[in-house]
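Each protein sequence line maps, in turn, to chains A and B.
Quick note: the first sequence uses the numbering used here, first residue 613, plus one each step.
Quick note: the second sequence uses the numbering used here, first residue -8, plus one each step.
Since the hints were made in silico from the structure, they are not lab data.
Glycine included, each C-beta is placed from N, C-alpha and C at the ideal position.
Don't take every hint at face value.
To be verified - Selected chain A positions facing chain B (in silico; Cβ < 10 Å): (1) 626; (2) 880; (3) 884; (4) 1127.
Claimed, not checked - With a straight-line cut-off of 27 Å between C-alpha atoms, the simulated DSS-like cross-links for lysine-lysine are: (5) B/40 / A/672; (6) B/391 / A/885; (7) A/738 / A/672; (8) A/621 / B/93; (9) A/1015 / A/989; (10) B/207 / A/885; (11) A/885 / B/353; (12) A/672 / B/93; (13) A/804 / A/991; (14) B/40 / A/621; (15) A/672 / A/621; (16) B/355 / A/885; (17) A/621 / B/312; (18) A/621 / B/391; (19) B/63 / B/215; (20) A/621 / B/95; (21) A/1080 / A/750; (22) B/230 / B/211; (23) B/18 / A/621.
The lines below spell out each chain.
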Amino acid sequence: MKIDVLMPKLGESITEGTIVKWWKQPGEYVKQDETLLEISTDKVDSEIPSPHEGVLVELKYNENDIVQVDGVIAVIDTAGNGSAETEAPAAEAPAAPVAPAPEPAAPAPAPAANGGGSVVDLEMPKLGESITEGTIVKWWKKAGDAVKQDETLLEISTDKVDSEIPSPYDGVITELLAAENDVVAVGSIIAKIQTGDAVPAAASAPAAAPAPAATPAPAPAAPVSTPATETVPRQKGGRFYSPLVRSIARTEGVSMAELEVIPGTGVEGRVTKRDILGYLESRGTVTQVTPSAPAFTPAPTTTPAAPVPTPAAAAPKPAPMSDDQLAAKYAGQRVEIVQMTNIRRKIADHMVMSKATSPHVYGVAEVDFTKVVNLVKRKRPEFKAAEGMKLTINPCILFAVTKAFKDYPEINSSIEGHTVIHKRFLNLGMAVATEAGLIVPTLKNADEMNFVGIARRAYDLAIRARDKKLVPDEVVGATFTVTNYGVFGNVIGFPIINQPNVAILGVAAIKKRPVVLETEEGDTIGIRSIGYMTLSYDHRLVDGELGDKFLQRVRYYIENFDESWM
Amino acid sequence: MHFDVLVIGSGPGGYVAAIRASQLGKKVGIVERSELGGICLNWGCIPTKALLRSAEVYEMMKHADNYGLKAKDVAVDFPGVIKRSRGVADRMSKGVTFLMKKNKIETIVGHGKLLDNKTVEVSAEDGKKTKVTADSIIIATGARARQIPGMESDGKKVISYREAMVLDKQPKSLIVVGAGAIGVEFAYFYNSIGTEVTIVEMMDYILPVEDEEVSKQLAKTFKKSKIDIRTGTKVEALKKGRSNVTLTVSKDGKSEELQAEKVLMAIGVQGNVENLGLEALGVEMDRGWIKVNENYQTNVAGVYAIGDVAGPPWLAHVASKEGILAAEHIAGHKIVPLDYGTIPGCTYCVPQVASVGLTETKAKEAGYELKVGRFPIRVNGKAQGLGETEGFIKIIYDAKYGELLGCHIIGPEATELITEVTLAKSMEATYMEVLHAIHPHPTLSEIVMEATHDALGESIHT
Chain A
613 MKIDVLMPKL
623 GESITEGTIV
633 KWWKQPGEYV
643 KQDETLLEIS
653 TDKVDSEIPS
663 PHEGVLVELK
673 YNENDIVQVD
683 GVIAVIDTAG
693 NGSAETEAPA
703 AEAPAAPVAP
713 APEPAAPAPA
723 PAANGGGSVV
733 DLEMPKLGES
743 ITEGTIVKWW
753 KKAGDAVKQD
763 ETLLEISTDK
773 VDSEIPSPYD
783 GVITELLAAE
793 NDVVAVGSII
803 AKIQTGDAVP
813 AAASAPAAAP
823 APAATPAPAP
833 AAPVSTPATE
843 TVPRQKGGRF
853 YSPLVRSIAR
863 TEGVSMAELE
873 VIPGTGVEGR
883 VTKRDILGYL
893 ESRGTVTQVT
903 PSAPAFTPAP
913 TTTPAAPVPT
923 PAAAAPKPAP
933 MSDDQLAAKY
943 AGQRVEIVQM
953 TNIRRKIADH
963 MVMSKATSPH
973 VYGVAEVDFT
983 KVVNLVKRKR
993 PEFKAAEGMK
1003 LTINPCILFA
1013 VTKAFKDYPE
1023 INSSIEGHTV
1033 IHKRFLNLGM
1043 AVATEAGLIV
1053 PTLKNADEMN
1063 FVGIARRAYD
1073 LAIRARDKKL
1083 VPDEVVGATF
1093 TVTNYGVFGN
1103 VIGFPIINQP
1113 NVAILGVAAI
1123 KKRPVVLETE
1133 EGDTIGIRSI
1143 GYMTLSYDHR
1153 LVDGELGDKF
1163 LQRVRYYIEN
1173 FDESWM
Chain B
-8 MHFDVLVIGS
2 GPGGYVAAIR
12 ASQLGKKVGI
22 VERSELGGIC
32 LNWGCIPTKA
42 LLRSAEVYEM
52 MKHADNYGLK
62 AKDVAVDFPG
72 VIKRSRGVAD
82 RMSKGVTFLM
92 KKNKIETIVG
102 HGKLLDNKTV
112 EVSAEDGKKT
122 KVTADSIIIA
132 TGARARQIPG
142 MESDGKKVIS
152 YREAMVLDKQ
162 PKSLIVVGAG
172 AIGVEFAYFY
182 NSIGTEVTIV
192 EMMDYILPVE
202 DEEVSKQLAK
212 TFKKSKIDIR
222 TGTKVEALKK
232 GRSNVTLTVS
242 KDGKSEELQA
252 EKVLMAIGVQ
262 GNVENLGLEA
272 LGVEMDRGWI
282 KVNENYQTNV
292 AGVYAIGDVA
302 GPPWLAHVAS
312 KEGILAAEHI
322 AGHKIVPLDY
332 GTIPGCTYCV
342 PQVASVGLTE
352 TKAKEAGYEL
362 KVGRFPIRVN
372 GKAQGLGETE
382 GFIKIIYDAK
392 YGELLGCHII
402 GPEATELITE
412 VTLAKSMEAT
422 YMEVLHAIHP
432 HPTLSEIVME
442 ATHDALGESI
452 HT
């Protein structure tokens, strides 16, 4: 490619210069930064390096010519990929003062070749979009162990979920570089595996390096024109927080989730010191304001709630006591002192944050499930045969919710400061109790699914949640959440909103009750399957009218569940 | 003639605003009645730095033996010093001419006066008047030396900074009234080339806006070099004799007469707001300065004001930044308001003084709990090599969040060193980041890191 060489800017006030000497003549090969010419101005003489590497094709000015800044003074052919002009550089290249090291020869941090296989670095896997680190809970293998591809190698816990990580390679572990309980950043090397001859299937490590074979480089010919431009990808989706903002957040116990919703007034919408201090001030008042809704303190045991979408960096304000101090405090008493698990801790922080953030209002609907119960009972064999899974009431409720959202999409929103973000997609979170604690797998784009789709996805998520097989991305991003504490038999509950949602639906136990039925022949007592559903909603955005109408619409769709929807 | 944007005044605020507006696709004109580049390039920052450099080189030559060198017959060629300074100013001004041309900005020579919020009448020196219209007008007319009534500068015996940098003869003695940056720089300059200098300052310290410790250190150095410093001293009267000026000053009620060949009045600046048509247009003022909001808009639609004329701080670098922001606002950009708490201030005497953010006193008054770190320049290896070991750095952090609140440096290249701290502060860095950044050795910049260690009580080298 031919590139014009411009008269360089020589200083603020300098508009022109005199070409004193050309160091290269047309046809000569010039390396980047090698002196190309000498220029004199009224202030100073300068040697001007070549801005490109290639063959000097043409000089536009002679020595002693006066040239305006930015004028074209020469043309350089940057040789391209050894096209027609290659002979020129090939002939001249050896004369170049510095032997041009053919760049492709060195495949940067290549794994040390080693017999048939090689030692490959195993990186901390990317666990999800917003997750930057994880805790190594357990190594299933130790150094020296053989491991098969896809065999579980270790167990990692993040704020969202615990995952078993399979080995991406067949081979032998040569080294473990992180210990159990270490918190490790995504992308750090956590182990080395001596592979057989098979090279990884996984994309994680740059491993075998792009075969340097490409240019065997017999002559230093065809100098690879431009230096490899490496672009460092910006951290995706991450907002920049200044060190001071992070320090304030840490000191004041502001969680990452809270940080993410503070509107920024700085450059590119960054949260500045002023923004977070302003937030702290307003948060202080928010927590003091009594919501106009019924003040109700849910009994913690019966109030299942929402989970844990974002890492909460919250530090409890009073310095927590150490295990030793606690042991001393409870000495002689029959207690067991146990550290919270990672997930427990995150749930704890998230719940506190949610209560501090959203003034909760609760509405309870009495729902007649009789029709759905009967329908499910009747369709169960057929459904099992067709879809291979057991039909339950759960997907019916979820489906009714998606329908209600089509009527009241406003509740599918989140709040940032005094701004409302309306979601045009519905990610339906579904609270699942696991051994480790509550998690919320999410049916992404539930609004686009039919009944079978919802049933299948919900079934699959629930099973995998209990088996610890969820991927972190599957437990984030809910825009509305349903929690079913009815499975334990309780008839009413008041769930806590799963931030940053503005509402959560609680489903309680369905019990047969005698109820008054109004018929054309007059009132009569009937036995019906009745359950109470609670909608907890954020009064900042959702007023009673909207919240109650929405809940009643869910009730309506359940009570009038149409067989054709299935 | 019609422009999208018309800038009145071509100082570092005006010409930068013009360039930025042009970059953003606006058709721009700039009105200037004198030299392009304004006070900064022609009569301020730049020519004085040239003068001060001459003084520094002279002092070094006088003390060549400190470096194992011999220099004989070292002497000051005063006209030569002035000539060099003018040459430097000239080149910079020509640079602005080039920049205007390059950015296709039309220069209109003359005095601009607003007839309404879209029309400016430009009067050339020959009396010719041209009407120019524009959608937006940026007033960037700057400021000039403030005068004490009855002691106005006559350009001969009582002078301002403007005359002080082009005297044809070096005065034997000089009284500098006002010990802000301008006064202190001229005091240093004239004293080092052999003029007898007295500083008269009303406040208790010289460089009164700087941290007390810094002011004290500078006063100590100045006294050592025989500058007579009178702080807490008021000027009562001025009497011009045939070859001398007599200044009556008072301190604590006791008055005294000081005599010198010339008196330099350096007691601050006042805005160039006259004859701009501001009153007729109803442009709101505040104590002699044009009142603007955080987007640099005046109360009159389409009329902006930036730089010195829009009030303190009167600094070229602030004017330039304001010019850029005003131009961006005109172009419809959403601008992030300037943080006036993170503006570095520099004084170019020897030793140099530079600072950013709060002084220790101000930080305490603001209720912060402080971690203050200090480091003497003399311990720094590079400074030893340079043979310039006077001074110190003081860096102030908030104990609670680690915020960098302020930094005060007196010593060699202090004015360059302050930039790191300014960047850190505007990035909202804490001491963690300052410590985490590797400071190359040996450099003067190591003092920033050392002082930060000290703030945490973990000083490495002291």
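Handout entry: Hints violated by the structure (listed by number, smallest first)
Key = 4, 5, 7, 10, 13, 18, 22
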